[in-house]
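Engineer: If you read the protein sequences in the order shown, they are chains A and B.
Residues 1 to 293 in the UniProt record's numbering are what the first sequence lists, from first letter to last.
Residues 1 to 318 in the UniProt record's numbering are what the second sequence lists, from first letter to last.
In short, the hints are calculated from the structure, not lab data.
Just so you know, not all the hints are guaranteed correct.
To be verified - Once the Cα atoms are required to be at most 25 Å apart in a straight line, the calculated BS3-like pairs of lysine-lysine come out as:
no., chain 1, residue 1, chain 2, residue 2
1, B, K263, A, K53
2, A, K53, A, K40
3, B, K112, A, K64
4, B, K144, A, K64
5, B, K49, B, K263
6, A, K53, B, K49
7, A, K53, B, K223
8, A, K40, A, K64
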Amino acid sequence: MPTKDTATQRLEVRKTYKLYIGGAFPRSESGRSYVVNNAKGKFLANASQASRKDARDAVVAARKAFGGWHARTAYNRGQVLYRIAEVMEGRHQQFSAEVSASEGLSISKARAVVDASIDRWVWYAGWADKLAQVVGSSNPVAGPYFDFSLPEATGVVAVLAPQDSSLLGLTSVIAPAIVSGNTVVAVSSYERPLPAVTLGEVMATSDVPGGVVNLLTGSASEIGPWLASHDDVNAIDLCGITSDDEARDLEIAAAGNLKRVRRPAAEDWSADQGLSRLTQYLELKTVWHPIGV
Amino acid sequence: MTTLDSGVDSLADVTSSEDRLRRFLLGLPGVDQVGAEARAATLSTRSIKTTAKQYALDLAIQMIDLTTLEGQDTPGKVRALCAKAKRPDPADPTAPQVAAVCVYPDLVATAKRELQGSGINVASVATAFPSGRSSLAIKVQDTKDAVASGADEVDMVIDRGAFLSGRYAMVFDEIAAIREAAGDAHLKVILETGELVTYDNVRRASWLAMLAGADFIKTSTGKVSPAATLPVTLVMLEAVRDYHEATGLHIGVKPAGGIRTAKDAIKYLVTVNETAGPDWLDPELFRFGASSLLNDLLMQRTKLATGHYPGPDYFTLD
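Just need the whole structure built from these sequences, with the hints factored in.
Structural biologist: Spelled out as structure tokens, the structure:
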């Protein structure tokens, strides 16, 4: 008869890290995965390595979700973003552990990063129904017309997320895109994908419709060119590209359908974000409305 | 494997009386449902790449019956559809034309005018499409009207009520009457497999339609769900293959409804090649009843040509 120790030893249920596309958690179409190490180089997990076809599927899902998400009231989108913050709060510990392991921070510093990320969602959530007042305008024209310029979402935004800041950076590039009604295909940090995977789980369990945020783990250099040249992507954030040559090539590819391109730059994610990321993904629609008659 | 058993000497015999027809149809071997679905699933895993894919995409475009069958159809919409049929991708003149444009009978004349000299056929649905619930006299008149307005192909529906209650002779006579009324026009017989429930019924209805003089057997109207599925098409392809073995005649197959992506279309082409044979890889013998499929095929074609993914913004809305 086995001793008590060996009989009750339980097998750990290890998480299989997957992609998040269209509200579902598929493995990569390519069947590939790669080893994720912690900051000290010790094995942490295996993550799916997304291919160009996963990116293609993600763009289709994002395009499908765009109509419904864009049509929601700004107030409602703000509520949904706030809900993301709420659900993240419930997973605070898990996020802290992952940020700590991935970025090599002490647990207390990791906690502060998670706090800042949650606050960032709340901050952007507040902008949802204030954007139009700040960015839009009522224009003086020489004629019997009301003339308004209204900011509208541009469509599908591809985001190559920052390589260093795996949660705060990721949050700071996704939130400003979706708050105005865009949908996002994001490629996470290659070395530090775990917070992105967990963020996908948060998206799935908060009120974000499937397809509004799609998260791919894998190499930005591999997937980036396909997203940059994709004719159904309206804007691209090259934040996660570290080489100047690569960024230039992606910018050239993005010119094919005149995408809005955000070049990589040194960013301080803990600083006040300003509105530049928000306004990057907006189009202004001007309406001429006859007065009287 | 052939579905014909040795008891049948000649196919002409089986239609000589109602009793013989019923005995023949009920005597057809049953379809192995699990087997048919497994076979279809296996065939749809084939990987078609590069030049084979290029060939398949162009072939699929040439096999499309570009269809609009809505209550809201206007002459303007039909004209736009015809323009698209003639030149599917305005940015790429090498994209082939589709096989036909399929409309309701009252819009046949409009389509005919637009397509004059293009070599594209005009197909018209007839016989109280999509339900088929009307008297034979009206169905015959409907068909004659369509042909008189210039339809090259007539898509008729069978009387599913009669078929399901076992009145095979009535269905047979109706198809034969429409065959006569259609004159030289190509006759496609819609089985509406979504309402026939079993694969056995699909096999029987396929044989019944072929014996009654169909040029094509077509899965569905597109108004009933499920519409075309791969296993149903497989069963129908087996029927045309066996009919060809027995008589030497080639009958066409047309899956319609629910085929929206290039990937799906290629699965069908693989199934055609593996079931009926390469003879059927021809717009004369295999068609897709579809509308949104064309844009996806064009996008895939563009992807192969340019090396990057195209978006639906660059293709027509229809």
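Engineer: What are the numbers of the hints that this structure violates, sorted from low to high?
Structural biologist: The structure conflicts with hints 2, 3, 4, 7, 8, although it agrees with all the remaining ones.
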